[in-house]
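> Given these sequences and hints, build the entire structure.
Chains as they are written, first to last, in the numbering used here: chain A, 114 to 408; chain B, 75 to 245.
Hints are computed from structural coordinates only; laboratory data are not their basis.
Here a beta-carbon is modelled for each residue, glycine too, at the ideal position from N, C-alpha and C.
Honestly, I wouldn't trust all of these hints.
Said to hold, decoys possible - To give an idea of the interface, some chain A residues facing chain B are shown, with a C-beta separation under 8 angstroms as derived from the structure:
1. PHE297
2. ARG312
3. THR315
4. ALA316
5. TYR335
6. ASP339
7. HIS341
8. ARG343
9. LEU351
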Amino acid sequence: MARFLAVSNRKGGVGKSTIAVMLANATAAWSGKRVLLADLDTQCNASLMLVGGEAWERASRAGHTVADYFYDRFEKVAEDESAYVLNNVGDVAHARTAPGRVSLLPGSQRLEDIQGELLLKHSKKDLHADAVAVQVRTRMKNMLKHFGMDFDVVILDCPPGLSFAALAALALADHVLVPFRPDFVSQFAMDRAAMLIERVETAEQLAGIPISERRYSCLPNYLKGDGHERLLIEQLALDHPVLNTRLPMLDSIARAFDWDETRKTMQEKYADALPHLRSLHDEIFRVPELLAKSA
Amino acid sequence: MTKRTRALSGASQDAYFRRLFRSHSSLTPDERDKIVQLLRREIAQLRLRRQQREGDAEVSKEAAPAKPAQIVETPPASPADVQPAPTAPRTRPVATPFDPFSINVVVLLRTGGRERLLGALESIDSADNLRLLAREQRLSVGADLTSPPELRAAIVQAAERRVANRIAAAS
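Structural data, given as structure tokens:
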């Protein structure tokens with residue numbers, strides 16, 4: 114069974130999809146793992162980064178996206194999980210060779226609509242709204258879990274906000290990576306995200322869980338290197354586990370959004386971001402929950 | 075052997091320009107800020123000759139905490155930069171620009187309490203530097219405050235409000 118790593122933050126624009134794709138490539142290339150990236154974000158950026166627009170559109174037209182998977186499974190349409198997965202994706206050469214490879218469960222702009230539709234369908238059963246929501250989330254979580262059979266690592270690229278899919282991913286994840294920009298509002302977002310991940314109601318309850326035992330790690334991203342960022346990271350580290358890795362604002366990371374059919378080495382793809390990615394990869398896979406089975 | 079140039083960047087560079095403009099021009103504070111911001115965008119790193127700075131008492135008359143975060147010592151880049159060795163012993167210490175991030179106000183308040191934070195702020199004598207620290211750390215202090223004790227108290231209060239706001243938002 115795979116280890117599940119969610120990349121999540123309720124706040125948008127913190128680099129979740131970019132980091133999810135970087136980690137997918139790094140894990141396949143450097144650890145030789147079979148990696149599935151499940152794109153749960155309706156923006157579908159991770160899908161576009163891994164297969165480009167045309168292949169993503171073909172998958173969408175064929176009904177082979179994460180939204181279709183959820184819908185079909187709720188409707189008990191019998192099709193194997195593998196039918197929804199695109200294998201050997203990405204434009205990194207190392208990630209396309211056996212045994213390490215990256216696969217993709219493509220994202221869909223219809224995922225939010227489908228979640229609403231599934232909620233309505235289950236609401237007919239005279240259940241309380243909260244109970245229906247829990248039921249839908251739980252089924253989604255179990256459906257995502259099925260993918261663990263064919264992969265070593267499943268990276269769940271979560272959307273901003275708290276959709277059913279995001280909550281299902283957080284419930285399923287062995288560990289949650291929370292990228293953040295060190296600005297004032299990020300502290301609020303991190304506090305709330307932490308309570309959600311640790312399933313507690315108050316900041317006091319959260320403080321009662323030792324930082325070393327938390328199920329998440331915070332990753333400072335988009336760093337410019339000024340003193341104010343350092344202050345905020347230090348403040349955040351009083352309450353949350355913060356990785357030693359820091360991702361600076363680099364053109365090489367911004368350019369890595371672009372997908373083309375030319376296979377590249379990790380060095381060509383990530384250039385001067387490579388040492389930072391190596392550090393992130395090594396640090397995140399030292400996390401005990403991820404270490405156990407992916408080692 | 076002492077290094078003859080000093081590189082400034084980020085907040086230290088800003089602080090240097092602010093002091094320079096305050097000493098040599100009649101610019102208003104707003105105008106100074108605008109120019110400093112412009113210079114920060116244009117200039118990645120500033121290298122100062124120590125000898126020149128020592129002679130410039132108006133610019134560098136204020137000493138600062140021991141460990142400014144963003145100051146990088148660099149040797150001269152080329153022979154042209156090398157100054158003649160000093161013929162007389164130095165009589166004045168080299169002034170270091172004030173680093174507004176040398177004290178993490180919120181962290182110190184939370185880990186050491188109000189008294190320890192006040193104690194740390196006591197090491198900053200200048201009202202200008204206290205105001206710079208407050209501004210760079212986004213701590214709101216009244217514009218009418220002028221004395222260091224008032225500014226220190228206001229910084230502590232602002233930090234306490236910051237912590238209270240965060241706790242409230244998480245509840």
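> Output the indices of the hints that this structure fails to meet, ascending.
Hints 2 and 5 are the ones this structure does not satisfy, whereas the remaining hints hold.
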